[in-house]
Amino acid sequence: MILNIDPGIVDWSRAQFALTAMYHWLFVPLTLGLSFLVAIMETIYLKTGDPEWKRITKFWMTLFGINFAIGIATGIILEFEFGTNWSNYSWFVGDIFGAPLAIEAIMAFFLESTFIAVMFFGWNKVSKKFHLASSWLTAIGANLSALWILVANAWMQYPVGMKFNPETARNEMQNFWDVLFSPVAIYKFLHTISSGYVTAAIFILGISAWLLLKKRETGMARKSILVAAIFGLIMSLFLAFTGDGSGYTIAQYQPMKLAAMEGLYKGKKANGLILFGIPQPGKKAGDGKNSFVVKVEISGLLSLMGYRNVDAFVPGVEDILYGGYKPEFQNVPPAEKEIALPVSEKIIRGKLSITAFGDFKKAKKAGDEVAAAKADSTMKANFAYFGYGYLQSPDEAVPNVPLTFYSFRTMVILGFYFILLFIVVIYFHSQNQLQDKRWLLWIMLWTIPLAYLAGQAGWIVAEMGRQPWVIQDLLPTRAAVSMIETTSIQITFWLFAVLFTALLIAELMIMTRQIKLGPKDGGTK
Amino acid sequence: MTVGRKLWIIILIKLFILFFVLRLFFFPDFLKSRFNNDKDRGDYVREQLIQRK
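Chains as they are written, first to last, in this note's numbering: chain A, 1 to 525; chain B, 1 to 53.
Just so you know, these hints were derived from the structure itself, not from any lab.
Accuracy of the hints is not assured; some may be wrong.
What the hints assert, rightly or not - 30 Å max Cα-Cα, derived DSBU-like pairs, lysine-lysine: (1) A:K361 x A:K351; (2) A:K214 x B:K6; (3) A:K47 x A:K215; (4) A:K129 x A:K163; (5) B:K32 x A:K163; (6) A:K125 x A:K284; (7) B:K6 x A:K125; (8) A:K374 x A:K361; (9) A:K351 x B:K39; (10) B:K32 x A:K380; (11) A:K364 x B:K39; (12) A:K163 x A:K380; (13) B:K14 x A:K58; (14) A:K362 x B:K32.
None of the values given here were measured: they were computed from a predicted structure.
Just need the whole structure built from these sequences, with the hints factored in.
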């Protein structure tokens with residue numbers, strides 16, 4: 001019997017998850033970055049003893065507090081959704097997802113929440129050094145929280161360190177360290193947190209620029225700009241470095257995502273990186289149309305960046321769909337070491353694995369251990385393709401190429417723009433000309449939303465680019481969702497939309513008011 | 001009203017909506033609310049995974 005899934009359940013569950021994750025990510029990056037910038041400013045205060053730095057620290061700490069208070073617990077909704085909308089997925093991942101999240105709750109959250117209390121209410125109540133330590137530990141705790149969640153996300157992109165148990169229908173962790181230190185997890189963590197640091201640096205630049213435009217608190221604004229611009233420049237260079245590392249892991253473990261990021265349908269050796277391009281509207285794999293209306297590329301650069309070899313063959317969407325090329329990396333299943341299999345063959349093998357998974361249980365029930373062992377063996381031999389068994393046609397293995405392509409370019413172009421902006425700001429600051437460059441101050445202010453746009457675009461690349469998978473190659477979205485009413489998902493979708501929009505408006509209003517009040521009385525009133 | 005008081009009110013309202021409205025009425029744990037033990041939950045998910053291929 002084949003169970004038909006209402007596409008509405010999948011689409012609305014995905015839309016709801018996307019909505020909550022994207023709103024959540026409006027609050028998180030500022031918390032990650034501002035916590036460290038506040039700690040750095042407080043360190044300067046302690047080193048110099050200059051009370052101006054205390055005022056500056058308290059002003060930015062207040063804005064950090066507003067963002068933290070309004071954003072806190074918005075991520076818990078994602079966990080609600082796992083249990084309600086994605087129950088098959090939640091069961092299937094077993095303790096792999098649970099372990100990092102439990103560590104996050106026990107260690108990082110308590111660390112963060114304990115010391116944030118000292119940070120806000122401990123001025124003049126604890127020693128200066130203890131207060132400073134609390135500020136640093138709050139920042140470390142906030143970033144450790146991100147670590148465990150990103151490790152869980154990285155496992156979905158590159159599932160390692162586990163073994164599927166057909167008795168329980170769950171994956172069981174075999175090696176925690178493989179999960180924690182997978183190359184995907186390392187780069188995902190570093191790239192994501194450094195994007196938060198850059199966002200926070202741009203936030204401080206923008207607000208300080210506004211103060212300079214209004215000719216208010218110019219001393220504080222200039223000092224804040226210097227700290228934020230230097231921190232931002234270092235972190236944006238690190239962001240580019242970790243972005244390159246992320247691209248390298250994508251080439252190894254998610255070649256279809258890389259093909260979508262580049263709008264690459266037909267791969268070749270010494271493949272170029274698209275600097276500028278307009279993908280062909282309505283382009284489908286195998287339709288013979290050109291992939292691009294227009295494009296400008298640097299020859300060999302994609303091969304070099306993705307494979308560390310300028311002559312490497314980079315497979316395109318059609319190569320992956322139809323197979324027949326020799327994979328450059330040897331991390332592929334044994335059947336593909338020499339020649340990549342077409343997706344149609346992967347679907348057959350996936351269905352074989354799923355059928356054997358069912359046969360295993362039937363044989364166990366009947367007490368036929370020989371048949372159970374045979375089914376187990378067949379299931380394991382084809383488990384690398386388990387998820388493909390749920391695809392109705394090979395085309396389903398292709399993500400939304402134009403969206404992934406444009407989102408990737410938005411993120412990268414903005415990333416390089418941020419580096420340039422930090423350099424220009426540092427230069428004019430060193431020349432003592434920043435206040436006279438009103439055009440630059442306006443640019444700094446209006447770069448704040450661009451920082452958020454870059455972060456959102458990055459997550460679109462990461463999550464839309466890996467469709468149709470919830471767990472890469474093992475579980476697609478249509479197999480992961482719960483059989484619940486579409487209407488109930490629609491209702492909660494709109495409830496979340498209202499709730500999060502209200503929170504965002506509250507954040508903007510309270511923060512704007514606080515910025516207008518300025519740092520007098522330590523920035524609080 | 002001080003900013004601190006405003007934030008505490010927002011936090012409390014938000015937590016109330018999240019845990020006492022959304023969690024209780026809109027986001028029951030799908031498997032836990034339908035099955036009493038892990039064996040039944042596993043059997044259900046297995047059937048779902050097999051039937052959806």
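Status of each hint after checking the structure:
1. A:K361 x A:K351: holds (16 Å)
2. A:K214 x B:K6: At roughly 27 Å apart (the allowed maximum being 30 Å), B:K6 and A:K214 satisfy the hint.
3. A:K47 x A:K215: holds (28 Å)
4. A:K129 x A:K163: Outside the cut-off at roughly 47 Å; violated.
5. B:K32 x A:K163: Distance ~24 Å between B:K32 and A:K163 Cα, so the pair holds.
6. A:K125 x A:K284: At roughly 65 Å apart (the allowed maximum being 30 Å), A:K284 and A:K125 break the hint.
7. B:K6 x A:K125: Since the Cα atoms of B:K6 and A:K125 sit roughly 23 Å apart, the hinted pair holds (cutoff 30 Å).
8. A:K374 x A:K361: Within the cut-off at roughly 12 Å; holds.
9. A:K351 x B:K39: holds (24 Å)
10. B:K32 x A:K380: The given pair, whose Cα atoms are some 29 Å apart, holds under the 30 Å limit.
11. A:K364 x B:K39: Satisfied, since the Cα-Cα distance of roughly 14 Å is no more than 30 Å.
12. A:K163 x A:K380: holds (10 Å)
13. B:K14 x A:K58: Satisfied, since the Cα-Cα distance of roughly 25 Å is no more than 30 Å.
14. A:K362 x B:K32: Distance of about 24 Å is within 30 Å: holds.
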